[in-house]
Each structure stands twice: as structure tokens, then as C-alpha cells.
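Chains as they are written, first to last, in numbering that gives the first Met the number 0: chain L, 0 to 325; chain P, 0 to 276; chain Y, 0 to 295.
Calculated directly from the structure, the hints in this document are not laboratory data. Each hint should be verified, as a subset may be incorrect.
[Said to hold, decoys possible] Think about it this way: if two alpha-carbon atoms lie no more than 27 Å apart in a straight line, the pair counts; the simulated DSS-like pairs of lysine-lysine are: (1) Y:K204 x Y:K6; (2) Y:K232 x L:K217; (3) Y:K62 x L:K231.
Given the structure is predicted, the values throughout are model-derived calculations rather than measurements.
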Amino acid sequence: MIVLIGVSLLIFAIARVIPGDPARIALGPNATAEAVVALRDKLHLNDSFLAQYGYFIADLLRGDLGLSLYTNRPVMADIAQFLPATLELVIVSGIMMVAMGLPLGILSARHRGGWIDHTVRLVTLLGVSAPAFVWAVVLMLVFSYFIRIFPIAGRISDSFSIQTVTGFLLIDTLIAGDFRAFGNTVWHIILPAFALALSGIGQAARLVRSNMVETYDKPFIEMAQAYGFPEKRIARRYAFRPSLIPSLTIIGLDFAAMLGSAFLVEAVYAWPGLSRYGVAVILRKDLNAIVGTVLVISAMFLIVNLIVDLLVSIINPRIRLSQRAS
Amino acid sequence: MKKTLTILTRNPLSLIGLILVGIVVLSAIFADVITPFPEHVGAVVDFSNFNKPPQWPNIFGTDLVGRDLFTRVVYAYRISLVLGIVVLAIAVPVGVAIGLAAGYLGGWTEYLLMRITDVFLSIPPLVLAMSVMGLLEPTLTNGMIAVTVMWWPWYTRLVYNLARSEKEEGYVLAAEVIGASKAHIMVREILPNCVPSILTKMTLDFGFVILIASSLSFLGLGVQPPTPDLGSMVAEGAKYLPDSWWLTVFPGLAILIAVFGFNLIGDALREILGGDQ
Amino acid sequence: MSAPTLKIDDLKLSFKTWSGTAQVLHGISLHIKKGERVALVGESGSGKSVTARIVLGMLQQLKSARIAGSVEFEGVNLETLKPASRHALRGTRMSMIFQDPTSSLNPVYPIFAQFKEVLERAQPGITNEKAREKAISALADVAINEPDRVLDSYAFQLSGGMNQRVMIAMALANNPALLLADEPGTALDVTVQAQTLKLMSELVKKHHTSVLFISHNLGVVREFADRVYVIYKGNIVEQGPTERLFDDPKHPYTRALLSAVPRITGGGIPDLDDDPGRFTAPLVAHEGYSERELLA
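In isolation and in its complexed conformation, chain L is listed as follows (with noise of 0.2 Å):
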């Protein structure tokens, strides 16, 4: 909470410090002295810091993130609007990341040291080593020109039309009932995803290699060995398990990075969400807007973490059970 506060308060203050006056830029060149006053009265642009900052405190509690200058509707608007395909990239590729990239990292820890493990632990490194765009370029290159097995661009085929419930696709097309609809959405999804989740996949497979590795060390581990339990049960309850742990909280800041890059990937399938308006708002000094998405994200940036250290406590014993006593 003091954290979000924090967040709040910095963002404000960026938006605050940068040179030009935001009511001339709103009002454009030719608008007169007095409207120019006018719109300062009215975004209190002629109050002290702290007492502007109380004011957009006060909003935002209200969930007033004030107008867009950009697109002369109100920010939360325009985020609500695109802030769902982009959750929805988001998800799909913490869901892509974590199923890879831990199966990839117990493989390469439990063959260490040999071919396996070299060969895996050069292609995550290889995945973290490009920026997200770069994977999306490549992907699109290889399967939707040279292969054409995924479509180029999009969220969903423009033959379908289906009503917006959630602004999540597979779900909306679930809803309406409609499977082909549905398949389309996750055809289309799949490229954009994948790209993104690369760099979290090499990351995931890169931590949780080395923390079971570290753990393999342990005496339980060659406990579990002398008294021969099978090498995969070792693997799973004794290598893993314990070194989830530490990677969880890691894979947590991984995912929650992914949405800054999802704004790489989505400008290059043109996929319509949060990436467009960001950068269009950010080139044109669009402040409530740019605070108003920063916040948003930084938001889900810490919601993401608060269910990874929530996960975190129900699987670690130690926690568990020092929470459970006090």
C-alpha cells in the first residue's frame, strides 16, 4: 500500500516537473490568454504541489483518472477499453512461460552436466538474449510469411463479430457460445504470446535449473538417494519442490515484466491493446493519460506479486506455519 502510494506520488510528480505549461499544450496554439487561465483554474494547475497531488488523489479514489487531451474521453475509459487484450497476451503468456520453462529447467537440473543440460541451458540463454520484438518479428518471418501456418495480425478474424462481455476474447467467445470463434481467437493468440513469453520461459528454465541444482547439494537429497527412492520422485519432491520456492518469487517479477514488454509485441502484430494508446499518449504528452496507464500497470504489477507471495506462503511450510501460530 505505502508502496502504491509511492508509486503515485513519483509518477505524479514526473508528470508534474516536465517543461511546458499542460493546459497550452491541451488547448492548442490559438486558444486565447483567458482560456488558457481558465482550464489552469480548472485543473488546479495554480495550487501548490501537495495540494494538486490532493486533488488527483482525491480523483482517483473516485476512479476519476481525468480526461484524456488525446482522445477527449475520460483516461479510465480508454483504459478499460484496452487494457483487457492486453491482459489477455499477458496471461496467456505467464501460462506459456510457466508451463515451459519450469519442465525445461527440471529437465536440464536433472541432467547436469551433460548434453541435455548444455543444450537446454544455451537455448533459454539464447531467449533472454533478444528483446521481445525481435522474437516477434522472427516468428511472424518463419510462421506467418515463409510457413503460413498463423495469421499475421489481430486479435480475431474480422468475419466474426462477437459481443463484448469481459474484453477477454476467449472468454467473450465462450460465452457466445460460438467454438469457431473461439479456435480463431487462440490461433490467433498463440504467435504474439509465444513471443512474448520467450524471454520468461529462458528465464524460468535458467532459475529453476539453477536453484535444484543448488538443491540436488543438500543432504535430504542424498538421503532420498541412499534410501533409493525412484530418480524422477527424488526429481519432483525433493529437487523441485524445495527450490520452487525461491523461484516463485522471481517468476513473479518475470511475469509482471511482461507487461512492459507486451507493449513490444503488440506493436509489432498490431494487436489493439494498451501498446498503441501508451506510446500515441506518451509522444503526445497526453500527462493524465500517461499517469493514468503507468498507474494502472504499475498496479497490476504489484497485484501480480501480492498472489505470487501469497503463493509462496501456502507452499513453503516454514511461513505457513509461523503465520498459523501468530
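Put chains P and Y on the given structure of chain L with help from the hints.
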């Protein structure tokens, strides 16, 4: 130091890393000598040669106004490396100083400094750099500022954790007992023990700074044309896929090679020196 | 006469490293008869622990390890067994107790989960109820009076001594023929160590379990072992019955080892033999206690 280098050259993976980084750094330094058309760095137009696939003497092909792509990629390396050096040269000392102070001094200093650091860490890195960038004019200098602003907290966190555990070590207690000053203990006793981890992180980060900077310029929030930049080259070329594939593939590959090289070395260093995850 | 439980003959071990090979065992021979408690004594790095791991077959998987010589278990040469049948012996016919009981138990599962895994080695598919019943009676044997509470706890919630008892109970739960005890309880307080060792001693006597007791602690060995092998830098240097070896050490290394123990009656730190060259003198077996005589 010398021993570390010997180990690096003996391990095949880190040797590849050294070679890749060597190629990148040398080509950036000697860009004027090795590129066939150094004048193509600027706003040159040569419509008789525009949009040509890779061929001699344009081994990476030419761009939409007929400039040699290889030349521009090599010069973009020069800019990326300078950016990486500047960013780390500012972010590391700042981050390390704050982390040392917070970790060793403790008390309200620790509370205040770490809460501020947390605020910076709780905005996704790219988004933070983007918003700083958006409020400034998109230029190279401002790009460096934006990336620096997002980078220092990570060093603060690393050094903070190290300083907190080193604080309990016997050698620190010994220094306190003989009455050494706090500044002396932080700089002369604790700091040297953090150096291996900081160095490892810096090597890995050099690649990631290049990666983030190229992401910013990919979104149009970084270096502006005609200055060559890998990210904006990919962004520009992506509009002409798949026919003019070389416009995106070579700059993209250039980013991959540089970052991969630094990562290979950083990985090996982490195994030799130990360091953070 | 039946074959000894364990018979090691001319066992050699070396590790291949970057700078050549490092010889760890130079050909050691020892045996344990049924129900016999034998100690392998030496300082750290002498090759005691690797011996136990070779018996279990845990070093063989290391690519850098080179092993020669034979290890026979109940008359069967283990090297001739298929890996699967060799693996089947672990945790069932042979088991092991480790130095630090607390860190040898998995921190993310309660004790019962691990106990059941141990029991499953002998009885695959054992039900939870049956496993619990067996675990409770095994814990009763090591004088744990709140077995249910212990089974539902995590290792980090229990004291070191309690964990040590749990380990002993696990090690003997499947009634193995051979127990390898590697510096058991060295990480514990001396009094706790003494208590748990006494428990272990009584149990193995009751079950006629053969024990290879690996230790550097001569006091403990004297209490616990029937026979002693002294190992120095990968060679057995002296062997004999416990009493005679302690009263009349013949090898220079054994003498040095015995005199290195500070006396509780005072007299300062004893003078050590400062000529380690003599420690490499050949094996001395007490009369009637050479491998040849004992196995005849």
C-alpha cells in the same frame, strides 16, 4: 583477475561469449575503417541503390533510401555501447552508494531509502523508462537518462542484501571494535566484498541495457533518425515484411549477438565469482 | 558358515580431475559378519564416507569416479548385479544414517510423508493407514512417546535429537541386513548424541543388524563397536577387536590418533607424533584378526 580470464578462455561457452563481445566492441571502435560507406550514417539518399537484398558490396543489403545496412548496424553498435557505458557508469555508483548506506547504517535511513527503491522497483522497468522518456524529448541523452532512472534500484537492492549479511561478519565487527569510521567500514571493508557480485551483474546488465534501449527506440521513444539505431531499424523494417526481410533480420540479429555475448560471459563469471541470481 | 553381510576386497577409488587423477582409496579390504558392529575410524578426508557410498552404489553414477575391487553383499558381488536389482537393495536391505539429521530430512514435507516413502521401498503401494501404523510402532522403538505429533511435524519444528531418533527409526523400519552409519549425530550436542547412539545400539542388537559405523570420535567407537578398522589416507592401517586395539595400538597412526584425544583428567594437550611419514607404514592386524584369518 588474470586467473578469471584464463578460466573464461578455457570454457568453450564463455570463449564464444568473449569472441562475440570482442567482435562487437572492435567493430564499434573501428567502425570508420571496416564499414564500406561511413557517410551513410547520416541523412544520405541514394535512390539508385534503394531497398536491395544482401549482395556485394552491401552485405546486409540497403535500406529504403539506399543506405548500406551493414554500415548502419556497425555504427548503431557504437551508439549502443556508449549508451551502455554511460548508463552503468551513472546507475551503478548511485545504486551501490544507496544500497551500502541502507544496508549498513540501518534505522530510518534504511527505511526511507528502501521504500523509495521499492517504488522504483514496482513499476515494470520498460514502462518506467517509457514514461520518463515520454515526458522528455526523444533524444539519445534523454534515452540514457530514462534507462538510468530505471536501472539504479536493482544495484541498490543487490548491494543492500549483500551489505546486510556482510555487516554481521567477523571482519566488520573487528573493524567496529577498533573504532573505524562508518564511511571507512562501508567503503573499505564491505564494498570490496560486494565487488564480484557487482561485476557479474554489470556484465549481464550491459547486454540488457542494450536490449532495453533498443526496445525504447523500437517504440519510437529513443534515438531519432537519421542516427542509426538497432531498435528503430527493426521497427522501420517490420513494415516491409516479408519482402524486405533483411531490414529487420540483420539489426535484430545484431541485438541478439551483442546481448548473447555479454550473457555468456556474465553467466561464466557468475559461476567463477559467485553472485546474485 | 554363511557369507558375511558385507565383504569389501581391495577396493580402489580415484577421481579424474582437471589436473589428473586423485587416488582416494588405495585398495582397502574389510568385512562385517551378520549382527556384527564394525567401526571404520579415521580423520576427515581419509576415505571413510566414500566407502559407505560405494557400498550403496551412489558414487558409481559419477562420471569422474573410477572404482576397482569387489563389494560383496550377503555373498553376492554387487558389481555383477543389474543396476535395477542393485538399486532394489537400497532402503530395503541396506540403509544409512547421516551426520546431520535435521538437514537430512526434506523441509517441505511432514515427517510422515517421508516415512511412508521409506516404507514404500519394502512394500510398494502400502496404504496410508498401514504406513502410519508401522511408523508409529517404529517411533515407539526409538522411545518417541508422541508419535502422531512427530509424524505430522516438519523436520525444522523438531529438535535435533528428535530428528535423529526419526532417522534411526526410518533406517531400521524395513529391517535391513546392513546399516551404514556415517558420523551419526556428530552435529548434535554430545549428551543427545550419546542417548541416541545408545538407542541405536540396543535396536541393532535386537534385530541382529550388521553395522558399519563410520566415525572420527574414538570415545563413541569404543562404546559401540565390536571390531575396528583404522583408515589413513585411503589405506587401512590397523585392524583388531576394539578392546585390544585401544589398549595396545600397534600402528604409529593409531597411537597418534589415540593420544590426540584430550584426557578429561588433564595433563594438557598430548605430544603428537610429528613424523607423519611413519603413518603410511603397512597394515598391522591384531593376532587372529587379519582378513584372512577371520574369513577362513
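Hint by hint, here is what the structure shows:
1. Y:K204 x Y:K6: OK: K204 (chain Y) and K6 (chain Y) at ~20 Å, within 27 Å.
2. Y:K232 x L:K217: 26 Å, holds
3. Y:K62 x L:K231: The given pair, whose Cα atoms are some 20 Å apart, holds under the 27 Å limit.
Of the numbered hints given earlier, the model fails none.
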